[in-house]
Amino acid sequence: MHDFQVSVAQSPPFTLVTLSGELDVITVPRLRERVEPLLARPATRILFDVEKLRFIDSAGMRVLIDACVRTPPKDGDGALCGMSPQMRHLFSLLGLTSRLTVYPTRADALSRPAATAP
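In case it helps, full-length UniProt numbering puts the sequence shown at residues 1 to 118.
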């Protein structure tokens with residue numbers, strides 16, 4: 001059974017997308033279904049909270065990466081927070097942590113929304 005949950009809430013200045021469970025090729029369509037309308041809005045700043053994500057495969061990574069880079073910087077941006085050490089290591093190995101905005105926690109993202117994350 002694929003246990004995956006996605007919730008969307010406003011947490012100014014971000015639209016917060018909280019993920020939990022397993023994000024894989026089977027659950028990716030559910031995430032895309034929720035994220036595509038957000039990307040269609042101008043000036044959307046999406047923050048993906050992945051703290052409760054237990055597993056992510058390459059299909060899941062692709063959706064997160066696409067969503068984070070599809071919004072032009074002048075209109076908004078996408079960011080990730082709450083990565084596990086394993087996920088952060090994987091994103092780092094792929095050279096993604098230097099290309100994406102990654103915050104250690106949701107609180108860090110919300111307290112420094114315009115800053116470049118460490």
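Hints were generated in silico from the structure; no laboratory data involved.
Certain hints may be false.
Calculated pairs, EDC-like style, for lysine to aspartate or glutamate (alpha carbon to alpha carbon, straight line, at most 16 Å) [unchecked claim]:
#1 52 x 3
#2 52 x 24
#3 52 x 22
For this session: For the pair supplied as a hint, residue 52 and residue 22, confirm whether the alpha-carbon distance does not exceed 16 Å.
Result: 9 Å, holds
For this session: Compare the distance between the alpha carbons of residue 52 and residue 24 with 16 Å, and conclude whether the hinted pair is satisfied.
Result: Within the cut-off at roughly 14 Å; holds.
Problem set entry | Restraint check for residue 52 with residue 3, where alpha carbons must lie at most 16 Å apart | 11 Å, holds
This entry satisfies every hint, going by the numbered hints stated previously.
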